[in-house]
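Residues in the sequence shown are numbered from 1 upward in steps of one, following this note's numbering.
FYI, nobody ran anything at the bench for these hints, they're computed from the structure. Be aware that a few hints might be false.
In silico DSBU-like cross-links for lysine-lysine, where the CA-CA straight-line distance does not exceed 30 angstroms [stated by the list, open to error]:
| # | residue 1 | residue 2 |
| --- | --- | --- |
| 1 | K361 | K347 |
| 2 | K226 | K104 |
| 3 | K254 | K56 |
| 4 | K27 | K215 |
Here are the simulated distance ranges between beta carbons [stated by the list, open to error]:
| # | residue 1 | residue 2 | range |
| --- | --- | --- | --- |
| 5 | K132 | F31 | 28 to 34 angstroms |
| 6 | T48 | K114 | 18 to 24 angstroms |
| 7 | E92 | K199 | 55 to 61 angstroms |
| 8 | S192 | Q125 | 47 to 53 angstroms |
| 9 | E92 | S258 | 28 to 34 angstroms |
| 10 | P380 | K247 | 38 to 44 angstroms |
Quick reminder that beta carbons are idealized off the backbone N, C-alpha and C, glycines included.
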Amino acid sequence: MEWGSELWDQYDIIERQTQWGIELVEKYVKFVRDRSEIEQSYAKQLRTLVKKYSPKRVLKEDQELKFSQYETFINILNELNDYAGQREVVAENLIQYIFAELMKYLYENKQERKMHLLDGRKAQQNLEVSYKQLDNAKKRFERDCKEAEKALQNAEKVDNDINTTKADVEKAKQQANLRNHMAEESKNEYASQLQKYNKDQNEFYFVEMPNVFNKLQDMDERRTRKLREAYKMFANTEQKVMPIVGKCLDEMKKAAESVNENGDSCVLIEAHKSGFERPGELEFEDYSQLINRTSSENSIGSLKSESKVDQRTIGKNKTKRWPFGKKNKLAVSEDFSHLPPEQRRKKLQQKIDDLNRELQKQVDQREALDKMKDVYQRNPQMGDPNSLEPRIIETNQHIDRLHHELQKYESWLTDAEGKVVSRSDSSVQCNPHCDQSPSLNNNNGSHDKGSPDTTYSDDSGQEPLQEPLQDPLPQPPPLSEFDDFEVDDIIHPIGKSTAMYPFDGNSEGTIAMAEGEVLHLIEEDKGDGWTRVRRNDGEEGYVPTSYVKVSIGGM
Numbered sequence: 001m002e003w004g005s006e007l008w009d010q011y012d013i014i015e016r017q018t019q020w021g022i023e024l025v026e027k028y029v030k031f032v033r034d035r036s037e038i039e040q041s042y043a044k045q046l047r048t049l050v051k052k053y054s055p056k057r058v059l060k061e062d063q064e065l066k067f068s069q070y071e072t073f074i075n076i077l078n079e080l081n082d083y084a085g086q087r088e089v090v091a092e093n094l095i096q097y098i099f100a101e102l103m104k105y106l107y108e109n110k111q112e113r114k115m116h117l118l119d120g121r122k123a124q125q126n127l128e129v130s131y132k133q134l135d136n137a138k139k140r141f142e143r144d145c146k147e148a149e150k151a152l153q154n155a156e157k158v159d160n161d162i163n164t165t166k167a168d169v170e171k172a173k174q175q176a177n178l179r180n181h182m183a184e185e186s187k188n189e190y191a192s193q194l195q196k197y198n199k200d201q202n203e204f205y206f207v208e209m210p211n212v213f214n215k216l217q218d219m220d221e222r223r224t225r226k227l228r229e230a231y232k233m234f235a236n237t238e239q240k241v242m243p244i245v246g247k248c249l250d251e252m253k254k255a256a257e258s259v260n261e262n263g264d265s266c267v268l269i270e271a272h273k274s275g276f277e278r279p280g281e282l283e284f285e286d287y288s289q290l291i292n293r294t295s296s297e298n299s300i301g302s303l304k305s306e307s308k309v310d311q312r313t314i315g316k317n318k319t320k321r322w323p324f325g326k327k328n329k330l331a332v333s334e335d336f337s338h339l340p341p342e343q344r345r346k347k348l349q350q351k352i353d354d355l356n357r358e359l360q361k362q363v364d365q366r367e368a369l370d371k372m373k374d375v376y377q378r379n380p381q382m383g384d385p386n387s388l389e390p391r392i393i394e395t396n397q398h399i400d401r402l403h404h405e406l407q408k409y410e411s412w413l414t415d416a417e418g419k420v421v422s423r424s425d426s427s428v429q430c431n432p433h434c435d436q437s438p439s440l441n442n443n444n445g446s447h448d449k450g451s452p453d454t455t456y457s458d459d460s461g462q463e464p465l466q467e468p469l470q471d472p473l474p475q476p477p478p479l480s481e482f483d484d485f486e487v488d489d490i491i492h493p494i495g496k497s498t499a500m501y502p503f504d505g506n507s508e509g510t511i512a513m514a515e516g517e518v519l520h521l522i523e524e525d526k527g528d529g530w531t532r533v534r535r536n537d538g539e540e541g542y543v544p545t546s547y548v549k550v551s552i553g554g555m
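Required output: the full structure, derived from the provided sequences and hints.
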């Protein structure tokens, strides 16, 4: 069905329909533009969200990255960032393939509609001109006919009048013939104009206007098809990114499945296990011995001597520390002796690995310089081999320094590993389901019950106090040496010693001390790793030399 044949008399309807179609396209263009702005704003907000919750700087040594739950969160943020990128793709495609295309087509459609309507108005104006000419010819024919009839009647009247002359009769007849001739010409012109108008009218209603209406119909149908394609493109634009969006969501689910609660527990253990043994049970301190003694059985000297022994016994458990205290901040040392045994070993191994990598890099650089020097020596035109000497010397010096550093850290590592191996095998084992790191399944050493390295902070934290790692301490002198301390034979102090770390003093012949406690220095270290000290209350014993700061002089 065609508009030209079915709607030949509905010019206004066709004009309104084509205008409505253009307005619908304009409305859809605005809709697409607003949708694109929403997608861009959504993508921007997603990227802002990702940036807000992403770590500022991701470093390999970051402890959080070792936990699967945190790594999964980072992966989700990355996938969400990719998802935001797909929303930006949707916005760009909407603008490029729908908005821009429809805007261009809309302009062309308006121009085409304007041209077709102008053709219709021209055809209508031509028909109106033809009708006006017909109407003028008709009016003139009517007028001439009336004039001819009037002249004929006048000629008959003159001819019948007996008083008129023959000349007047002839004149009247000539006038009647003239008017009759003019009426005949007007008749012929009217007939000609009528024929022309009928032809123009037939051309107008059966050719020109149907042609215009059909062109408008074709234009409107093309606009409808274009709009249909734009509707499809709107859905296709979203559909094109669905595989990537789906992949992003699948990766999020895959990342979520990778969260390993047992593995994270093992990571925490591996990162923070100290290797220390749990504190032993407290011993019963019997104060009733002082009450039960009789004056006849004890002399003043023996009383003081026994009192000293009792005080030593009491002092052994005097400074037991609550293991979940807040760690005191210790100065960071180059050999990582401020760390617990297991953590020290890991740090030293990591440092050695770094040094080996740097050493290999420098060795490769030296080899490259040697090759370049050899090339220069063979081909002097390529460069001066002597110009490479400063860099070669500098590289060799760097390699020597790295070798020295490597030896130093390897010796510290050997010492640390010896201590870890010497500890008890009753350490924490990882869950067998943990697959985070093979090293998590290794046994952690712990202190012997009587080792002077086993101390804990009395603050409110949750980790044992980190003590200096050193060579295993030798056994302190036997307690029998202290039995010779009499009241009259008290040795005068030669200085003072300040405890840098707490010490339990569980071993026989040792004395417990708290961090920061000031003791009298009785005897310096004789090479066995122990220093003899005395409290103000008279209690004497040995403490590890590395645990105290000694100053010789007056107290």
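Right, here's what the structure says about each hint:
1. K361 x K347: With a Cα-Cα distance of about 21 angstroms, the restraint between K361 and K347 holds, given a limit of 30 angstroms.
2. K226 x K104: holds, 12 angstroms
3. K254 x K56: This hinted pair holds, its Cα atoms lying about 25 angstroms apart.
4. K27 x K215: With a Cα-Cα distance of about 24 angstroms, the restraint between K27 and K215 holds, given a limit of 30 angstroms.
5. K132 x F31: 28 to 34 angstroms: violated, 49 angstroms
6. T48 x K114: 18 to 24 angstroms: Roughly 47 angstroms apart at Cβ, these two residues miss the hinted range, so it is violated.
7. E92 x K199: 55 to 61 angstroms: holds, 58 angstroms
8. S192 x Q125: 47 to 53 angstroms: At roughly 21 angstroms between Cβ atoms, Q125 and S192 fall outside 47 to 53 angstroms, so the hint is violated.
9. E92 x S258: 28 to 34 angstroms: Distance hint for E92, S258 holds at roughly 33 angstroms.
10. P380 x K247: 38 to 44 angstroms: At roughly 59 angstroms between Cβ atoms, K247 and P380 fall outside 38 to 44 angstroms, so the hint is violated.
Checked against the numbered hints above, the structure breaks hints 5, 6, 8, 10 and satisfies the rest.
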